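Asker: Each chain, written out:
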Amino acid sequence: MGARVGIVVFPGSNCEFDCERSFAGLGAEPELVWHGETRLPNVDIVVLPGGFAHGDYLRTGAIARFSPIMDAVAEHARQGGPVLGICNGFQILCEAGLLPGALRKNAGLKFLCKWVEVRVDNADTAFTSQTERGQTLKVPINHFEGNWIAEPEVLDRIRANGQVVLRYTDNPNGSMDDVAGLMNEAGNVFGLMPHPERACEALLGSSDGSLLLTSLIESVSGVRAAAG
Amino acid sequence: MDSAVYHELGLTDDEFEAIVARLGRDPSYTELAMFSVMWSEHCSYKSSRVHLKELPTEGPQVLVGPGEGAGIIEVAPGVAVAWKMESHNHPSFVEPFNGAATGVGGIVRDILSMGARPIALMDPLRFGELDSSKTAYLVDGVVHGISSYGNSIGVPTVGGEAVFEDCYAENPLVNVACLGFVEKLMHGRAEGPGNTVILIGSSTGRDGIGGASVLASAEFDETSAEKRPSVQVGDPFTEKLLIEACLELVRRDLLVGFQDLGAGGISCPTSEMASKAGTGMRVDISSVHRREPGMEPFEVMISESQERMLGVVDPTNVEAVLEVCTRWGLEARVIGEVTKSGRLEILDGGSVVADVPSAALAEEGPVYRRPSAPPKWIEELRAQPVGDDAPVDLGQALLKLLGSPNISSKRWIWEQYDHMIFLGTVQGPGGDAAVIRLPGTDVAVAITVDGPGRYCYLDPYEGARLAVAEAARNVACVGARPLAITNCLNFGNPEKPGVMWQFAEVIRGMSDACVALGTPVTGGNVSFYNETKGRAIYPTPVIGMLGVVPSPESSIGSTFANSGDAIFMLGVTRLGDFGGSEFAKTINGQVGGAPPQLDMDAEKKLLDFLFSAGSRLLTSAHDVSGGGLAVSLAESAIRGGIGFTVKLPGDEAHRVAFSESPSRAVVTCAPGRMKEVLDLADAKGVSVAELGSVGGDLLDFGPFQVSLAEATSAFEDGFERSLTATLEA
Amino acid sequence: MSYVAFVDVMLKEGISDPQGATIERALPALGYSGVSGVRVGKRIRLEIDATDQSEAQTKIEEMCERLLANPVIESYEITIDSYEVTL
Amino acid sequence: MSYVAFVDVMLKEGISDPQGATIERALPALGYSGVSGVRVGKRIRLEIDATDQSEAQTKIEEMCERLLANPVIESYEITIDSYEVTL
Ligand SMILES: Nc1ncnc2c1ncn2[C@@H]1O[C@H](COP(=O)(O)OP(=O)(O)O)[C@@H](O)[C@H]1O
Ligand SMILES: [Mg+2]
Chain A
0 MGARVGIVVF PGSNCEFDCE RSFAGLGAEP ELVWHGETRL PNVDIVVLPG
50 GFAHGDYLRT GAIARFSPIM DAVAEHARQG GPVLGICNGF QILCEAGLLP
100 GALRKNAGLK FLCKWVEVRV DNADTAFTSQ TERGQTLKVP INHFEGNWIA
150 EPEVLDRIRA NGQVVLRYTD NPNGSMDDVA GLMNEAGNVF GLMPHPERAC
200 EALLGSSDGS LLLTSLIESV SGVRAAAG
Chain B
0 MDSAVYHELG LTDDEFEAIV ARLGRDPSYT ELAMFSVMWS EHCSYKSSRV
50 HLKELPTEGP QVLVGPGEGA GIIEVAPGVA VAWKMESHNH PSFVEPFNGA
100 ATGVGGIVRD ILSMGARPIA LMDPLRFGEL DSSKTAYLVD GVVHGISSYG
150 NSIGVPTVGG EAVFEDCYAE NPLVNVACLG FVEKLMHGRA EGPGNTVILI
200 GSSTGRDGIG GASVLASAEF DETSAEKRPS VQVGDPFTEK LLIEACLELV
250 RRDLLVGFQD LGAGGISCPT SEMASKAGTG MRVDISSVHR REPGMEPFEV
300 MISESQERML GVVDPTNVEA VLEVCTRWGL EARVIGEVTK SGRLEILDGG
350 SVVADVPSAA LAEEGPVYRR PSAPPKWIEE LRAQPVGDDA PVDLGQALLK
400 LLGSPNISSK RWIWEQYDHM IFLGTVQGPG GDAAVIRLPG TDVAVAITVD
450 GPGRYCYLDP YEGARLAVAE AARNVACVGA RPLAITNCLN FGNPEKPGVM
500 WQFAEVIRGM SDACVALGTP VTGGNVSFYN ETKGRAIYPT PVIGMLGVVP
550 SPESSIGSTF ANSGDAIFML GVTRLGDFGG SEFAKTINGQ VGGAPPQLDM
600 DAEKKLLDFL FSAGSRLLTS AHDVSGGGLA VSLAESAIRG GIGFTVKLPG
650 DEAHRVAFSE SPSRAVVTCA PGRMKEVLDL ADAKGVSVAE LGSVGGDLLD
700 FGPFQVSLAE ATSAFEDGFE RSLTATLEA
Chain C
0 MSYVAFVDVM LKEGISDPQG ATIERALPAL GYSGVSGVRV GKRIRLEIDA
50 TDQSEAQTKI EEMCERLLAN PVIESYEITI DSYEVTL
Chain D
0 MSYVAFVDVM LKEGISDPQG ATIERALPAL GYSGVSGVRV GKRIRLEIDA
50 TDQSEAQTKI EEMCERLLAN PVIESYEITI DSYEVTL
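Residue numbers (numbering that gives the first Met the number 0), protein chains in the order written: chain A, 0 to 227; chain B, 0 to 728; chain C, 0 to 86; chain D, 0 to 86.
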């Protein structure tokens, strides 16, 4: 039985179906979870998908992080369960304090939907185990607020810890230190602006994203085998 | 009643008399307001109806033709799509960001009302020349509006047009087409007296009062400024909730009938759904959830507040429907019931504020056969030189064309649009047509939008045929078979015989072309009164062509792929085809003469060739349109990042390079497959010329060359350069 | 002289504000009742050189009409702090 | 009682503001020189029920800390108009 993936649906989320399709295509067992629930179903991985939760009104992720399900997500994370936030999901994780920093409007003040190249700067994580350090991946971005920022001391700390997992090779949005993807100190909560679920099929332009999703799936199948 | 009252609402004396005759009494003010929106040009098609009747609308592939929210076309056994285009021209001129945004919202609800999930958008846009800061401001606002709304509701915008001509300076065109994937076919009918009527979505406010009659059915002038209170702010978040909630209602079979609220507000779906079903409706507007206190009954009835739908529900399902809406965070209110009376009875608490036959509003509006005659200027215009003088330097001419606003890459626009969501975008913006794989199927369709206004200005009949042919060619170039069209017909003031003539000629041309190609018209939209201070736009029919691709994997790209591939041109180049061409306009500053004449038989053979060859034989295909053969070759090279060598004849090279003869395409194949291409062309009766081969970093035409780098920077940066230049000027 | 000014840009009355409405709907769930009429606008801070306060005022009004506000749907208010000499 | 309050949310000092920078760059082209330090923030207007002004103040401060502002990058200021009785 494949890894069980819970994809949280907030009002205004819009990448939940794509995540569902791509995880299923990689042999996992995705299931949609409504934000109004207070408990997570029995899942190994929690995904906060892209979109415009609550219309991105006020600030991206500002309202979503108060959704009833978020306590359960935080608890899942506290117990070491993997959590992946993609695009809007990344923004929500930052607002919820599960990841450091915040995301501002792109430096160019334009929404950007395009293919970019990201470099794996830490391949020794549950999210990048199938890649090599220094390897570049072709994945699409699709956001207006991807310009990540944090206090200098926070940046120093997470760099020292190798928490910056993915960097743009050609920074499209002004993100500090070219940050495209991050993890928390414990290494089980990941957030990235690019959309790996959109890069799982050569027909659509690239299948590099599947390396990231597969890494995550593998990381838990090990655990679950151990758990028997 | 004082005539000033109904004149102010845009009703004529005759129309008022007709209302009185139909009711047998003077209408109440609420009734009058309802008639004024429902009988407006925008809602009633009173000037266009007699002509639209001429269009071919039937075919085995057509499940639902014109007259409903959107046309429905069967693209594979048991797989159907909804396809429709709409205009939001005047609102976008008044307030570009919100005008364009609410334009997207409107067409998306049309698609939704058919029980289809909106899965792709296209945005044909037209503005004045890019050298004015006002135009730059409009472009920026419109694109930002479409981007922020379309991206937020999670529907990809996969293509469009951006055309710049002086005639649109004071009257930009913002058309939006939407493709839907039918989950369960729905109809806008209020069947079953006793059924409950539920209003779903945003609260009703004073915003957009009389939008249809005020903004979309009259010419523009200085006083339009005072009409600004009717500006609406789009709420993509609520629209997204509406999409998901309504699709759940549809899937769970909780709705009897269903329609969106757009122009005309509550008056529209109530009267139309009842009228279509031969029933009536009793509605109590005191239960309509409001955004503002103290609204008059007439305001509630005609407010065009966005993001609302009307559902007809079996009483036993009301609870379930309300539960779904609440879960999605949407307001939903029972506002009335279906009756046998055939009348639309509007109550405000205890008192009746309107009581009129539903059909009188919905179907018995005035129908005009307006006087039509060729405008005086047309002969003069046709007599003018076409502008085919040779340029000093062919290479420079090509670079100038590649960098011109109409031809240069629109990347700056489409990179602001999510064009990938749903994992269906096999080919997105940048090519001849978008190729979309339908969710959960292995079926792929191709869609494109084309509207050559300059050709139609010179000759509306021929221009319309060329529009349909180019659209068909664009879908054929990605390997699809053309199936059906939708359209958006943008014209000036129909009360002017010259404009009416242009309209009639365009309809005639469109009909002939659609009959010849077997692509029926499954719906569309007419936008009249595109005039400001008496100056009309070019007659601009935008054609939205839908085609079907054998399989998602089998589509063809328009980019040169492999060094060594052989390059062919299919079709015949006529050396005099410069009337209304990009070359004539951009290089010689001339718009005159006659447009190219379409040989429909040759066109059909070309389409047939492209479809039969497909990706099995071809490594790329790109139609030859604006800018001619040279631009077509250059675009494929630039998109592929690789040059080519071809041999064009030396004398009068500019005619071969830039003539815009229709029914042509540039295709490539692997060197080993050349004979097959020639044989197939022979078999299909398509004339074919072997031009040369792909490779190198030069665009080598023989008589002239430009470097791939130069051409790329002209094409890729041209648009943004002109735009930002004017924005900052 | 250099003045510090604030320009407050709000949607005109009658123009709907989906953002404000959404925030308002979210508040009760966070335990905040009794909040209504939420409207979200822009606040722009700027420093401007001018010979005197009234020149600053006129300059800023012009900027609002042309760039800072969208007069079609927004109204604006200008507040100028008593001048400060910038270093 | 019901109070009308304004919450002004600005990016913290030292946090760069692309929006402000863009406006600042656009101004000279429009003929406005001598404008600097442009920062763009949010202005949120709301009406709140509270027994007195200080309760309103505390309530709003809490909302700012938790929702209306993001402490990582934003600072806020609250202004409460003298109460009005809403009808
Ligand atoms: N407003 C727009 N929005 C999205 N895509 C656009 C827009 N304008 C142009 N494009 C894309 O740019 C490409 C070239 O457009 P165009 O020159 O009109 O194509 P063609 O000449 O083949 O009809 C097409 O893929 C089209 O979809
Ligand atoms: Mg084309």
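Some hints here could point you the wrong way.
Stated by the list, open to error - Okay, the calculated beta carbon distance ranges per label pair:
#: 1; chain 1: A; residue 1: 114; chain 2: D; residue 2: 13; range: 50 to 56 Å
#: 2; chain 1: C; residue 1: 57; chain 2: A; residue 2: 152; range: 43 to 49 Å
#: 3; chain 1: B; residue 1: 286; chain 2: C; residue 2: 28; range: 48 to 54 Å
#: 4; chain 1: B; residue 1: 550; chain 2: A; residue 2: 37; range: 25 to 31 Å
#: 5; chain 1: D; residue 1: 65; chain 2: B; residue 2: 6; range: 54 to 60 Å
The set of hints was computed from the structure by calculation and includes no laboratory data. Note that the structure is predicted; figures quoted are calculated from it, not measured. Just so you know, even glycine gets a beta-carbon here, dropped at the ideal spot from N, CA and C.
Asker: Now tell me, hint by hint, if it's right for this structure.
Answerer: Structure-based check of each hint:
1. A:114 <-> D:13: 50 to 56 Å: 33 Å Cβ-Cβ, so the 50 to 56 Å window is violated.
2. C:57 <-> A:152: 43 to 49 Å: The hinted range 43 to 49 Å holds for residue 57 (chain C) and residue 152 (chain A), with Cβ atoms some 45 Å apart.
3. B:286 <-> C:28: 48 to 54 Å: Violated, at about 26 Å.
4. B:550 <-> A:37: 25 to 31 Å: violated (45 Å)
5. D:65 <-> B:6: 54 to 60 Å: About 55 Å separates the Cβ atoms of residue 65 (chain D) and residue 6 (chain B), which means 54 to 60 Å holds.
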